[in-house]
Amino acid sequence: MDPTTEFFEGLNHRPPDPLLGRIRGTVRFELESDTDVDTWLLVLSAGSVSATQTDRAADCTVRTDRDYFNRIAAGEANPFAALLRNRVTVQGKLTLYSYLNHLVPGPPGAHEPRDWVRQRGQR
Amino acid sequence: MKELLGILDGNTFMLSDSRGDVDPSPDYPAGLFAWDTRFLSKWVLTIDGERLHALSTDDLQYFESRFFLVPGEPTHYVDAKTSVIRHRSLGGAFEERLTVLNHRDEPVVLTLRMEIDSDFADVFDAREARSLPGRAAKFVEPGRLRLCHQRDRHVSETIVTSTEPAEFDTDGLTFRIELDAHANWSTTIRAIGTIQGAGGRDVRENLHGYEQVRPEKQRELREWLGRAPKLTCDSETLEDAYRRSLIDLAALQYTGLTSQVRLLATGLPWYMTVFGRHSLITGFQTLPFMPEIARNALWVLALLQGGRIDDFRDEEPGKILHEIRYGEPGGFEDTPYTTYYGTADATPLFVVLLDEYERWTGDADTVRLMEYEARSALRWLDTYGNLMDDGYVWYECRSPGGLENQGWKDSWNAISYSDGRLPGKPRASCELQGYAYDAKMRAARLARRFWNDPAYADQLEREAADLRTRFNRDFWMPDRGYYALALDAEGGQVDALASNMGHLLWSGIVEESRAGQVADHLLSRPLFSGWGVRTLADDQAWYNPIGYHTGAIWPWDNSIIALGLRRYGFAEQAARLAVTMVEASRYFGGRMPEAFAGYDRRLTKYPVQYPRACSPHCSSAGTPLMLLRTLLGLRPHHDHLTIDPAIPEALGRIELIGIPGRWGRTDAFGRGRVSLDPE
Amino acid sequence: MKPLVSILDGNTFVVSDNRGDIDPSPTFPTGLFSFDTRFLSKWELTVDGKRLSVLSVDDLQYFESQFFLVPGEPTHYVDAKLSVIRHRTIGGSFQEELTVLNHRDEAVELTVRLNVESDFADLFEIKDVKEKVGGTTVLVEADRLRLCYQRETFRREAIVTSTAPAQFDQGGVSFALRIGPHQQWQTRLRVETLVEGAGGRDIRLSIQRHHSRSPEELRQDLDAWLDRAPKLSSDSEPLTETYERSLIDLAALRYTPLVSGPPLPAAGLPWFMTMFGRDSLITCLQSLPFTPELAGPTLRYLALAQGVSLDDFREREPGKILHEVRYGESTAFEEQPHSPYYGSADSTPLFVILLDEYERWSGDRELVQTLEHEARAALHWIDRYADLMGNGYVWFERRNLRNGLENQCWKDSWDAISYSDGRLPAFPRATCELQGYAYDAKIRGARLARLCWQDLVYAEQLEREAADLKERFNRDFWVSDGEYYALALDTEGGQVDALSSNMGHLLWSGIVDDDRAAKVAEHLLGPRLFSGWGVRTLAEGEGRYNPIGYHVGTVWPFDNSLIAWGLRRYGFRHEAGQIAEAMIDAGRYFDGRLPEAFAGYDRALTKYPVQYPTACSPQAWSTGTPMLLIRTLLGLDPHGEHLVVDPALPEGMGRMELLDIPGRWGLIDAFGRGRAEHSRTPPHLTE
Amino acid sequence: MADPTAEFFARVEQRGPDLLPTKARGTLRFDLRRDGEVDHWFVAINRGNVLVSHELRDADCVVATDKALFDRCALGEAQVVAAYNRNDVTVQGNLPLLLMFRRAFPSPPGTRDPRERIRERFAGRGRERERERQR
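Residue numbers (our numbering), protein chains in the order written: chain B, 1 to 123; chain G, 124 to 802; chain U, 803 to 1489; chain C, 1490 to 1624.
There may be inaccurate statements among the hints.
Said to hold, decoys possible - Across the chosen pairs, the derived CB separations fall in these ranges:
no.: 1; chain 1: G; residue 1: 264; chain 2: U; residue 2: 851; range: 22 to 28 Å
no.: 2; chain 1: B; residue 1: 36; chain 2: U; residue 2: 1028; range: 27 to 33 Å
no.: 3; chain 1: G; residue 1: 488; chain 2: C; residue 2: 1612; range: 43 to 49 Å
Claimed, not checked - If you want the ones that stay clear, here's a sample from chain U, every Cβ over 10 Å from chain G, calculated:
no.: 4; residue: 858
no.: 5; residue: 885
no.: 6; residue: 964
In short, the hints are calculated from the structure, not lab data.
Since we're looking at a predicted model, the values are computed, not measured.
Quick reminder that beta carbons are idealized off the backbone N, C-alpha and C, glycines included.
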C-alpha cells in the first residue's frame, strides 16, 4: 500500500483530535499520475476525520501529483512549503488546507529533544 | 545631495560629511574655512586603512559637535569591536579630540590615521575649482605638520599638532595604538590657520578674543541669551524658532579684521562675511532684542563708506558697502570683493537704520557722530544714485567682476518683464525708491532733532513728498492694480509681479488708497504660496519654484512685508504671514534657511528646501524676531514703547519680557485674537 | 548611513534611497518586496540620462511618500530649470505618479526613463547574494513590461504599466516628451506583483484584506484605527508625541498572513514584516489597554500553527508555538526552515500568558474556552519537551545544525549568553527569564483552568508545580555573593553568572522572592546596568560588554518596558518611573519613534542616545514600549470587572490623562499627575 | 619728475576737511621703504584738519610698505586695503584709522563720473522725461 492510501486509510481509525474539535468542512484531493487522477474526500467534523475516495466537490480542492503527495503523506515534504512552491495548488478555503499539518506525520527519524541531548555522544 | 554638517564661530567654519570627514567636493565647499580661505580641504579618518561610519552625530553647540563612529559599514549582524568618538570644536583654532574605545575582551593594536591636505582655496574657488597662482609647500617638522601657500608676500599656513605622539608625513599623521581589553585612548589634534601680517605675525593676533577656549564661549553664549528678552508663549514652535535665532545670531558674530568691530557674518557657507544690506536689515530686525547688532553695523559701514569713484569696485563717495572679503583673490585684485560697493540699497538703508536705532535706544551721540556719513549717504542718493537725473535711484554695474543687479535680488534674471524680457540698464527697482523716500523722511527728523539744521530737514521733507508723488505716478500700473517691479532706461514700466512691492508698504511710499490692492496681491496666489510670499508670482515668465530670486520664498523678505502690512493697518494679513513663517520654521528645526522653494503649499506637506541654501543666515535668523515685533505691534513712541498686539489664535498667548530700549526694560503681552481661515 | 525611505502595506513594501531610486546593493538592500520576494531590484529614474537629486522627501503616510527632485547635483548659484515630483503609494500594488515640471519660459524636449530590473531575490539572499536556481525572463509587450521568474512550479512576476504612452524595452520604460513653457507632464506607473497559485491566479487572492486598496481606503482605515485608540493628553510633549507615533506605527505594522483573516502585528519594518511568535505576543501584551483588537487574532493564528509533530529541521515539537513564518523561495524549497520555524523557547509560555492577560482585559472567555486544548498543549510542552535535562527547567538546544538558531531566547545572537569572564556555556542552556515565563504561564494557566475550563484538579496541579519551580529557581539561580540572579544555568547546573537585564523580566513574572526584589532593583538601576538612557542588556564590566553590541551592552526599549512593569509589580514605583522617563527622553531624539535598540554608552558621555545600526524601524515591540510605559506609570490593572488606576508619575512629567480605555468595563478614563512642573527647554540648551 | 607721494600728502593737507569726516582725529605714520632707506610721513588729523610732517614719532597707526607701492596708491592705481590683504602693506596699531584715512586717496587715473557716461548714452533723456511729465 502506498503512503498516500496508508495515510488516508489511517485517518479513519484515528482517535478524535480535540485540536480539530471546532473544525467543520470538506477537502477534495486530486492526485495526478501520468495515466489518471484519483480523488480523495476528507470530511472534518467536530474532531472526527473520515477519508473516502468519493468524487465530489468540496470547500477546498487540493491538487498535486501523486508522487509528491506520497512524500507529504510520509512526512518527507512539508505541506506549507509545497503550497508556497506552487507544487500543491489549493482552491477554496486555505484554512482547511492548513489543518493538513495536524494530520500528516513529521519527518521520519525526527528526534525527541531529550533523546537529542542524550545522544550527543553518538553524533 | 550629500548631507553636510557644519560648526561655526563667526566667519570660521568647518563643514564635513556626516562622519566628520572632509573630502573635496566641487558642488559644495567642504573643509575648514576662515576669512574666506580654506585651511583644510582634506580631513579623513581611517582605522587600519578603513573608513568609518556614523552611528550618530550630536550638535552640542554651534561651535562644537561630536560624532560616534564605527569602522566599516554598520550592520546589525556583526557587532563593531571598536568605536571612535570624534569631538570637535572651533574657537580660533580647530580642535578635534579623538577617543578610540576597544570593546573587545582582549588587547588590540590599531593604526589610526588622519589624511590631511589644504588647497588654501578661496570660498569661490572651492566652487569653481580653479587652481591658485602661487606656491604650495608641506613641511614635516618635529611634532607638527605645516602646510603653506605663498603668493608674493601673502603667506597662509595650516599647522597641525597632536597631544599624543604621532608619525607625521606630508599627507597626514598616523598613530599606532595598543589598547588593553575594554580600554580607551585619546588624543587631541589641533589645526591652526594663520595669515601672515606685520612681522610675519598672524594678522588676526591684534583682534581681541581671537583665540578663544570653549568654556569662554559657553559663558559668552549664556550671557548673550541672558541679555535677550525672555519669550514665553503657547506655541512651542515659535519659542524654538526664537531661541534658535538668538543662538545663530551669536554664532554668526566675529570681530572684523580691519574694522575691529563685532560684525555679523551673513550666511553659511557662501557668505561668511559682512554684507552691507544684510547687516543693516538684521540690525533693524533685531533692534527690540539686541540693539548692539544695529550699532555695530552702523559703525563698520560708516567706517567703510565709499570715499572715491572706483569703477573696479563700483565705489562712489557716500555709498555704503556691499561686501567685504578677506580672501587672497581680493587681495590680488583678481576680484573686487575686498571692499565692493555694488549695491544701491545699502546706502538709504544705512540712514533708515540710523534713525530707527535712535528711536529705540535714544543713543543721540551716535546720531551726532554719524552726521557726516549720513549726509554723504543722502547726498549719494541725489548724485551718484540718481544716474538718470530724474530723481530716482538707479544702478548699473561698472565692475568687470561685479553684479548685474544691485538690489537685494541680485541674480542676473531677477529683474524682468512679465513676459520674460530683461530690461536694459540702468535699472531703477521700486523698493529702492521706497528706501530713498523713507531715508529722507527719517533723516529730516534727525536733522531737526540732532543736527539742528531745520532748513535741511524741510528740504528733505519736500524732496520726499515730491518723490512719493512722482513714484505713485510713474510706477503704479492702474490696469494691473500693482506697482511695477522697476523702471527701464526708457522710463518704461518693468511689469513683473514680485514681492518687492511689499517693501514699499514698509517704507510708507504707498498711497493709502492703493495699499489695499497691494496687500491683496501679496496675500493671494499667484504671489502667495501658502508658505509665504514668493519672490516672483507663479504666472510670470521667469517663475521657477526653485529659482533663487524668481520664485523661491525668502523669510526675511516676508518679515519686512509683514511689518509693512501692519504699518498700513492690515493686521490680519500680517498675522497670516507670521503664522505661515512660524509653521515653516518647524520643518527646519526652528532654523529658517536663507530661502526655500515656492511650490504651492497644496502640493507639499513640508516647505521644500532650496538647493544648498545658506543656513544659518543672519537675516533669516532675524526674521522670527521681527515677526514677534510685528505680532505684538511694538513701536517706540518718544520715551515709551507702545504695544498693539494682533496675534492669530493659532499662536495663542505671547509674552516678551525685558525688551531693552530708551525706557530701560519693559514687557509686552498679547493674546491670540485674530482668527484666520486655515491655509 | 544612507537615508532609506520605505512605504508599505502589510508585507508588501518599497524601500528606496532618498531620491526614490532602487539600486541593488548588499549593504543597503532596496527594492519592491512582497511575501519575502524582491519584485524590483532596480527602479532608477533618469532625465536625459542624468540621475536626479533630492530637495526634500515628504513621508506623508506609511503607505505614501513624495519626493521633490532636480536633475544633476543641485547647486546654490544655478537655478534648476526642471523639477520632478515622484508621488508613490502602495496598497497591494505599487503605484508611482511622476510629474515633470518645466520651469523654463520655452518648451523643452527631454527623455524621462526608468531603468527597471528584478532579481526576484529571496529576503534571505539579499545580504549574501547567491546564484538563482530558476530563470528570469523579460517580456516586452505593447502596453506593459513583464518580468517573470520560474523555478520548477514556483512562479513570480512583476508587471509594469503606465497611464501615459511609453516605450517599453528589456531594460525599462522611456518617455520622449515635449513640455511647453511652464507646463507639466504626468504619468502613473503601476507595478503589479504576482505570486502564482492555483490556475495561474495569485495565491494571495484568498486573503480578503490583500486586494489592492486605494490610498483613500488606507487613509480611512488608519483614521478609524486612531479613532478607536484611547486619547492621551499630557504636559509632556515628548510623551504625547511618542504615543501618537506609536499608534500610527502599530497600524503600519499590521499584516495578514496567508491563511488567516484579521490583521496581526508583524515584528518590524521592513525586513520583519511577518509573524514572529515572540515579538507578536509581547507587542500584544504591551498594547492590550490601547489596541486590544490585535491580541485575539494573534492568539488564534499562533494556535492554528501550533506544532503537532516532531521536526528537527524546523525545531518543531507538539504544543510548541512558532518562532517565524516566511513565504520566500528558500522557504518554499525547504532550504530555510521557516514553514514555519519553531526555534524559540519563550513563545510557548508567552502564548499562555497573553491568553490570560487578554481575558483579564477583554473578559472574552469564549476565546479562552476555544483555545483550551492549545493552551494545555503549550503548558504540556513546558514539562515534556522544554525540560531537556529532566530537572524541571526550560532549556533549549538547536537540532537544526544547518541554519537553526543557537540561542532560542530573545537575546539570540551567538555571544549573548556568557559567563562574567566572557566564556560561553555549553548547550543546552536554561536562561533565567524562560523560567520566569514558565512560572507565570503556570500561575495564569491555573487561573484559566479554574475560571474557564472548570478543571480545579489541573489548576491545583499547575499551582503546585509553579510554587515548586519558584522555590528551586530561587535556590539554583541566585548568585549569593553578587546578590543577583544568574543569566542562565549550564548543563552541569552551574551558574552562568553574567549580570544582565534578563533579571528584570523575573520581576515581571513574579518568580522573584520578595526579600530579594530590592537587591534586583538596585542592580537594575545601578551604574553598571543603568546607562542613564535605560537598562543595558549586559552590565558594564562584564567580559563581553560592548556598548554597541547587539545583545551585550545596548539598551532595548521593549526590554526596559517589561522591566519597568516588573518594578511596579514589586512596588518600586520610583524606579519604574526613572526608567519610563529615560525612555521617553530618548524617544524625543528619534522623533518619538523608539528604535529597536540604542548604544549603551553612559548618558554622561553622549548628549543624545546613540543609535544602534538597525535594519528595522519601527520595530513592533519598541512601538509597544510607550504604551506599556503609560500603563505602568498610571498603574492600570484589571480587577474583576473594574480597572484599577494607581498612578505613579515621575516629578516633572506633569499631568497625564488617558481617556476611553477599552475593556470588559466598556470605556473608562485614567488620570495622573507628577509633582514638579514640566519644563520646555529645547534640548540644545540643556547643558 | 614729481613725487606722487609728496603731492598726495600736500593735497591731503590742503583739502583734509572735504576729504575726511569732521569727527576724524588721530595720528598715522607711513614708513615707506625705498632702496634701503625709509621715509617717514607723520599725519596728524584733528576734526578733519590735517598736518603732515616727516617726524619719526609714535602714531596711533603705523603703516609700512614700499615707496613704489605707496606712489601707486597716491595716484589711485592701487588700493590700500587690498594691498593690506595681500600683505604688501602691514599695519600696527589702530587699523580703523587707516580705513578712515582711505577716503583721502584719489580715484584710479582716468576715472570719470558714472553719470557722465549715462548722460552721453541717453543724452539727458531722463531729465527731459521728467520735465514733460511736470507739464
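Task: Least C-beta distance between residue 858/U and chain G, which was stated to exceed 10 Å - done: Answer for residue 858/U: violated, closest chain G Cβ roughly 5 Å.
Task: Interface-negative label, residue 964/U against chain G, beta-carbon threshold 10 Å - done: Label holds. Min Cβ-Cβ 22 Å, cutoff 10 Å.
Task: Distance restraint evaluation - residue 264/G, residue 851/U, Cβ atoms, bounds 22 to 28 Å - done: Violated, at about 50 Å.
Open item on the list: Verify this label for me: residue 885/U is non-interface relative to chain G, using a Cβ-Cβ cutoff of 10 Å.
Closed with: violated, 6 Å
Open item on the list: Does the beta carbon distance between residue 488/G and residue 1612/C stay inside 43 to 49 Å, or does it fall outside?
Closed with: Since residue 488/G and residue 1612/C have Cβ atoms about 47 Å apart, the given range 43 to 49 Å holds.
Open item on the list: Quick check on a hinted range of 27 to 33 Å for residue 36/B and residue 1028/U, using CB atoms only.
Closed with: violated, 57 Å
Hints 1, 2, 4, 5, counting from the list given before, are not met by this structure.
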